[in-house]
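Peer 1: The primary structure of each chain is shown beneath.
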Amino acid sequence: MFKNSICFVSFFFLFLFSLINFFFFLFFMIYNYVIFLEWELISFSSMSLVMSILLDWMSLLFMMFVLLISSVVIYYSKSYMSSEMNLNRFIMLVLLFVFSMVLLIISPNIISILLGWDGLGLVSYCLVIYYQNIKSYNAGMLTALSNRIGDVFILMVIFWMMNYGSWNYVFYMDFMKNDYVMELMSIMIIIAAMTKSAQIPFSAWLPAAMAAPTPVSALVHSSTLVTAGVYLLIRFNVLLLDKFFLKILLLLSGLTMFMAGISANYEFDLKKIIALSTLSQLGLMMSILSMGMAELAFFHLLTHAMFKALLFMCAGVIIHMMNDIQDIRFMGGISNFIPYTSLYMNISNMALCGIPFLAGFYSKDLILDMVMMKNLNFFVFFLYFISTGLTMFYSFRLSMYLMINDFNLLSVYNLYDEDLVMLKSMFVLMMMSIFSGSMLMWFIFSYPYVIYLPINLKLMVIYVSLFGMLMGYMISSMEIYLMNKFSYIYNLSSFLCLMWFMPNLSTYGLNYYFLNMGQMMLKKIDMGWSEFYSGQGMFMIMKKYTIFYNFFQMNNNFNIYLFSFVLWMIIYLMILMVM
Amino acid sequence: MGHFLGTFQTRDLDMEMNLQPTFDSNIGFKTRRTQRKMVACEEDLMSARVPPQYRDYCAHILLNYLVCRYKHMPFVYKCAHEKHNYMNCEQADYVLRMKEFEREKRLRQREKRLKQESNS
Amino acid sequence: MANVPFLGLKTHSQKVCSLYKRVLRNLEAFYDRRNVYRYQAVLMRARFDKNAKETDMRKAVELLRQGEEELFSQIHPLPKKFATSPGGVAYERVVQSPDWVLDYWHPLEKAQYPEYFKKREQRKKEFMAMWEKEYGKPDPKDQHH
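Chains as they are written, first to last, in my numbering: chain A, 1 to 579; chain B, 580 to 699; chain C, 700 to 844.
Just chain A, same shape as in the assembly (with noise of 0.2 Å):
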């Protein structure tokens, strides 16, 4: 009892944190007020250093958005985690996290904005390695290599921004927007963000982070730590406007959604189809951030973290059901043994591919409605919409494997919904997931976007999807020839299911040789040569050679000394002579 109060507790203060925020969200909406705090930590002399706070409406919703899913699955995890030992552990390292990146959201100030950063790192690899065995060591130590690229470009930001003498960047961002600095500024954001967000040369570490225990999967790597770049790049969208590198920006989140989405058709593991349908949304994200249109991204950016969340804690539920087996072969027809969480995982898939009037419609089809709006090549306009199909796709293909197909789980088994804890948690996400699209949408674009398109291309988004959902259906009963199929593009196929070996070409390849380097230059040089020759040897041989003349001088040899004496006075004497 006393040891799960923390759950009850923790989720308490954050459930009621997100309601205060909601209404000073309407609050601040309706006067578009922005409020800019500077709290003056230490006044000394000339120097003051100043923690400064800004308050507007999109600081203030995406705070309800995160404190919400955040308190949800902290009670989630009451039931979840309920075998844990440290059940207070896992729930502060949550909570430190969630401080974080409130933290993250609301500084306007580049030095608090990387502590924020630095803190959502640091803790979601605490969260990564929660489970202590190899694997989540690996994944961990990914996740923290990756993202630590992203503070190192911080880190320079912070350096440049030492040319305008002050780190709050909101005070003079519009005026200099044009200088040469602010432009290298803006490429090392973006890519900062491109770590943080997992975009293509960095999307390694999205699924290999699925090795941290699912309440933390709901929060971190779906809704709230992978955001963090995007709002980034939100809360910087004076600087993203006509720069060059944002075109290659939108190539490389335009293949991210691609590729998340083609992979996740061949993975089996069902965190991991989740994780890189999030890979693939949060291409969207950033391909319409590159296009200028911020609040678009904002918008599609709290839908999804909305049904995002509630995938991965159905996700949870199947997984602690199943006795920790993620592997959807293991599955199938589960629908007839927990019909409230197949319910919730059917809605929030559908939100997921745009099903209308669900959370994930509104924003996606407005996104991709602009985009069909804008003056864009084709290469990027059918990136756009086959990766609205593979959406489909794979959502279609999850649902079909998982609760249509035969059984196919061990012969003895005992599958039931869990508790009502969990239920009771993801029910309020499920609202969330049905209602906050509307919601938002309503509430937040003040200014309605006006679409003019032909009735076709309208429509095409339907279009999509529906083939997206005939080809799931297809693949996930195609039986018979399906080996000699797959052999028959072996290449081919390993290439895709493996993430076009992006785990290899960027990160493991990486990683690999930096520390592999590493623990060479240890071995060989650290330890090896240079102390062979400079520390161990240095020593080794001034031991030898002090012995050596401790030989003439104090062993009582005053002869050999004496004698060694005459001899040097004759040689001298005899080159004094020839000279």
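Do not rely on the hints blindly, as some may be mistaken.
Simulated crosslink set (DMTMM-like; lysine to aspartate or glutamate; CA at most 25 Å straight-line) [as the list claims (entries may be wrong)]:
1. Lys-780(C) x Asp-406(A)
2. Lys-779(C) x Asp-406(A)
3. Lys-458(A) x Asp-672(B)
4. Lys-374(A) x Glu-690(B)
5. Lys-458(A) x Glu-531(A)
6. Lys-374(A) x Asp-593(B)
7. Lys-650(B) x Glu-295(A)
8. Lys-720(C) x Asp-269(A)
9. Lys-780(C) x Asp-269(A)
10. Lys-657(B) x Asp-365(A)
11. Lys-458(A) x Asp-591(B)
12. Lys-243(A) x Glu-679(B)
13. Lys-650(B) x Asp-56(A)
14. Lys-817(C) x Asp-798(C)
15. Lys-780(C) x Asp-324(A)
16. Lys-247(A) x Glu-595(B)
17. Lys-374(A) x Glu-683(B)
18. Lys-458(A) x Glu-681(B)
19. Lys-779(C) x Asp-269(A)
20. Lys-243(A) x Glu-295(A)
21. Lys-374(A) x Asp-591(B)
22. Lys-374(A) x Glu-595(B)
23. Lys-809(C) x Glu-84(A)
24. Lys-135(A) x Glu-727(C)
25. Lys-374(A) x Asp-635(B)
26. Lys-662(B) x Asp-365(A)
27. Lys-694(B) x Glu-681(B)
28. Lys-662(B) x Glu-295(A)
29. Lys-458(A) x Glu-661(B)
30. Lys-657(B) x Glu-295(A)
31. Lys-662(B) x Asp-406(A)
32. Lys-135(A) x Glu-791(C)
33. Lys-779(C) x Asp-324(A)
34. Lys-374(A) x Glu-681(B)
35. Lys-374(A) x Glu-679(B)
36. Lys-458(A) x Glu-679(B)
37. Lys-720(C) x Asp-406(A)
38. Lys-616(B) x Glu-681(B)
39. Lys-678(B) x Asp-151(A)
Derived from the structure by calculation, the hints contain no laboratory data. Quantities reported herein were computed from a predicted structural model and do not represent experimental measurements.
With chain A held as given, fit chains B and C onto it using these hints.
Peer 2: Same frame as chain A, now just chains B and C:
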């Protein structure tokens, strides 16, 4: 994509998507066309803090919508009527711009045709 | 003792059986429906059975090599692993700490479970008595714990 397909036949006319009309506005019209009037006044827009890109010919309807939002803030869906009005106005505006674009295209085609006929 | 690997050496039949098992697991990774998998497994069994009576050792080794090669060229990139077995997602997730860790608890910690530790001391004495009866006194020079 619309740009690519829509300009497929008219590449030689060198039309851009955000083209200003280059011909005299009264060519081919029996009646005189006058300039459109901006209904919303600048002071209202400034006091409502409407961003510059929204200060177009529909701004007075947009102001209605914003006032309605302000009145019923938590229940914004009550402003569906105002929002629809604004959308309709924007749509009419867009259709007008499309017509201007089409007129520009046809006038350019005509000019080209006339030039060819005079050459031959 | 046939199953105990002696210096990593395996007999030919062991190698074939291991190949057969790996091939079946690979088939299981590809065909997730039970009935389809059974059909494919029977076909695969027939391929193995066809050459089961091969007496020419050179030919048998060659067949085994071919089989290994075929398996390698068709192995699933994401093999189906049981969660708690090596290679699975939950492998070594729950760590069972060894029994001797209990002996290094602080006396205050031990005092929280007095009855268990009283019984444990008793059991340790019994175990030592049994050990000495069976193997004799431990060598006093061997101070490894």
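Peer 1: What are the numbers of the hints that this structure violates, sorted from low to high?
Peer 2: When the structure is compared with the hints, numbers 4, 5, 11, 12, 31, 39 turn out to be violated.
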